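Heads up: the protein sequence lines correspond to chains A and B, in order. Sequential numbering of the first sequence, starting at 207, is according to this note's numbering. Sequential numbering of the second sequence, starting at 4, is according to this note's numbering.
Simulated from the structure, these hints should not be mistaken for laboratory data. Hints may contain errors.
A partial selection of chain A residues facing chain B, derived with a Cβ cut-off under 8 Å [said to hold, decoys possible]:
id: 1; residue: N286
id: 2; residue: E346
id: 3; residue: V369
As a list, the in silico SDA-like pairs of lysine to any residue whose alpha-carbon atoms are at most 20 Å apart [as the list claims (entries may be wrong)]:
id: 4; chain 1: B; residue 1: K434; chain 2: A; residue 2: F321
id: 5; chain 1: B; residue 1: K275; chain 2: B; residue 2: R309
id: 6; chain 1: B; residue 1: K208; chain 2: A; residue 2: F377
id: 7; chain 1: A; residue 1: K388; chain 2: B; residue 2: K163
id: 8; chain 1: A; residue 1: K292; chain 2: B; residue 2: E207
id: 9; chain 1: B; residue 1: K445; chain 2: B; residue 2: G54
id: 10; chain 1: B; residue 1: K201; chain 2: A; residue 2: K309
id: 11; chain 1: A; residue 1: K309; chain 2: A; residue 2: F321
id: 12; chain 1: B; residue 1: K434; chain 2: A; residue 2: G380
id: 13; chain 1: B; residue 1: K163; chain 2: B; residue 2: Q83
id: 14; chain 1: A; residue 1: K399; chain 2: A; residue 2: Y298
From the derived model, a few chain B residues whose C-beta atoms are all more than 12 Å from chain A [what the hints assert, rightly or not]:
id: 15; residue: P99
id: 16; residue: N164
id: 17; residue: V227
id: 18; residue: N299
id: 19; residue: G300
id: 20; residue: S322
id: 21; residue: G365
id: 22; residue: A377
All of these numbers come straight from a predicted model, not from anything done at the bench. Backbone N, C-alpha and C fix where the C-beta goes; we use that ideal spot for every residue, glycine too.
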Amino acid sequence: MTVARRLALLMVAASLGTAIACSKKAPVVQPTAPPPTTTTPIPDTTRPPAPPTPVPEPVVAPPPVVREDPIASASLDDLNRNSPLKPAFFDYNSSELNAEGQKALDEDALVLKRFSTWAITIEGHCDERGTPEYNLALGERRAVAARTYLVSLGIAADRLRIVSYGKEFPFDPGHTEAAFAKNRRAHFVITAK
Amino acid sequence: MFRNWSLTFLSGLLAVAVLGAGPVVQQPPASQQPPTSQQPTDITTTITSEGGSVPRLAIPDFIAIGTDPDAVAAAKALGQVLWDDLNFEHEFAFIPRDTYASIPRATSFADVPFDRWRELNADGLIIGTVQKTPTGLRIEMRLFNARTRQSAYGRVYDAKNPRGIAHAMSDELHASQRALKGVALTKLTFDSDRDGEKMTGTVEKRETKEVYISDYDGEGQTRVTLGRTLNVFPRWSPNGKSIAYTSYRRGGANIFISNIYEGTLEELTQGKDESWLAAWSPDGTRLCFASSRDGNGNSSLYVVNRDGSGLRRLTNHPSINMSPTWSPSGTQIAFTSDRTGAPQIYIMSLDGLGNPTRLTTGESYADKPTWSPAPYNEIAYTSRAGGNDIKVIDVATREVRQLTFGEGNNESPVFSPNGRHVAFTSTRSGKKQIYTIARTGKDLKQITRAGNNEHPDWSR
């Protein structure tokens, strides 16, 4: 094999690799996560790791897209632990998106457009001051307010599942106004990549 | 107030029969003893006091026949549990137990020192015997009129669990002597995070909550769900055999029905996410619940048959409609709505005709109505003003009285089946715990102590 032929093969291989890498965005994973059917939700840790870079035998540098973007290669747990999606916070007993909340969601919409296969659950949360019962409905309104806003920015509604936890899962267990403010939120969980 | 003697007595017996997990009240086989000896008196008579106040009773320790340790322990427990059960309703007064030592102990029904008990102004005496049998315990209880020395009520029980027998005795004595539906055989349900298990699928390591049941006095706390998720807001079916609750096992919230003595599970809302707070109709054939399944963020009330069929939307208003409770007749629903801004309590007819009537007008925030059974026509609810407190409103007069006064947060009230007590959640001792309190605001009693426990319901 001449050097020229070798080079040509390598180039074909590299372009193939790039093509495969590009086509990776085609939905191998379903765009919307089907609701888990088992009684126990499947732990995210059991999901397969991000697909390895699909490059043929000869060792070629992975496509630059992946290398530049640690978010795309992170596991779901890693993503959710340090989420690129910022929560929208709400005022006391309110489900109106304020300016700050809209700003957070504007940025979230950009992330969701960039990673168009991601499926999201929007969780509605409340602080501990209302009743457990009414807070379920209030949390629902907060989650729906966030979803409605994201849909208005062009995010497909079927990527955005809703759940209200009322005041069940405070992010800050404290009983101060600062803790309450952290706990009134629409919170994002990435459920599929 | 309790004129319906036969009905309340019947329902008391029904409760004995239905709550089959408790004691089994047995008549001994006819071949062993003639029926007359099981019912020491054919005619049940009523003990009254001399001055017109409640009858004054003494309950000395039951008499253990023989030296079997089980019988001796049961004899001691029976007297104490029966005393607690009867005292819960305040339908009898009691001669203080510390004076009992001055009176010679009876060794059988034949040597009860009636004259000595009369010196302590006893109107009635509860005397019992406990005997070990091959299958458990045989317990005989008689209520004597201390003046006539005649037995006013009596019964024989075969059982293994003396607590359950004491509860059955208490309900029978309340029914026969006071025409009252007692609650000693009823049960509570609530959800708890005491197991410290973590939910899978989230990075926050959130704790699960599971449904528990217990006796009305908090004894025998037993877990009945294994969802490893949030299983919350449990509600007893009227026959005490099933519990409907809100579960997140599908990701979103749905209503499941657990048939707790069969170990089977039904899914009422069929995977329609965001359905909460089931409430059984008084006849157990239907459930009302809240759901935002139409996706606009406002929860509405729905009614559905027990088997999930015949779904009907009850409220059509662009506001939150939540926390349904049935009227005792099953013709009306009281619920929470924020249609005027803050959550308030409304009453609507089940046929959906006419506008809902607003019940609470003096509150800035009111939620979780719970409609009292007859003979009271009251609704208990959570009032938010600074902290959360339990209040009761008379449906007819709109008169309001308060049961808690800022001792921690007090939430999620529910009435006992005779309307005389309220179970609720309070943070007064730190974590969230279940308490019971009389409808008068007296007799506060802590039911749970392990972990956080919330959202109680009281079996019918």
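Hint check results:
1. N286: Given a least distance of 5 Å, the restraint on N286(A) holds.
2. E346: Hint on E346(A): holds, closest Cβ of chain B at ~5 Å, below 8 Å.
3. V369: Holds: closest Cβ of chain B sits about 5 Å from V369(A), inside 8 Å.
4. K434(B) / F321(A): violated, 42 Å
5. K275(B) / R309(B): holds, 16 Å
6. K208(B) / F377(A): holds, 11 Å
7. K388(A) / K163(B): violated, 53 Å
8. K292(A) / E207(B): holds, 15 Å
9. K445(B) / G54(B): violated, 24 Å
10. K201(B) / K309(A): violated, 33 Å
11. K309(A) / F321(A): holds, 19 Å
12. K434(B) / G380(A): The given pair, whose Cα atoms are some 13 Å apart, holds under the 20 Å limit.
13. K163(B) / Q83(B): Measuring from Cα to Cα gives roughly 17 Å; hence the hint holds.
14. K399(A) / Y298(A): violated, 33 Å
15. P99: Holds: least Cβ distance 41 Å, greater than 12 Å.
16. N164: About 32 Å separates N164(B) from the closest Cβ of chain A, which puts it past 12 Å; holds.
17. V227: With a cut-off of 12 Å, V227(B) remains clear of chain A, as the shortest Cβ separation is near 15 Å.
18. N299: For N299(B), whose nearest Cβ neighbour in chain A is about 7 Å away, the distance does not exceed 12 Å, so it is violated.
19. G300: violated, 3 Å
20. S322: Violated: least Cβ distance 9 Å, not greater than 12 Å.
21. G365: Its Cβ never comes within 12 Å of chain A, the nearest being 17 Å, so this holds.
22. A377: holds, 25 Å
In terms of the numbered hints stated before, the structure departs from hints 4, 7, 9, 10, 14, 18, 19 and 20, listed from lowest to highest.
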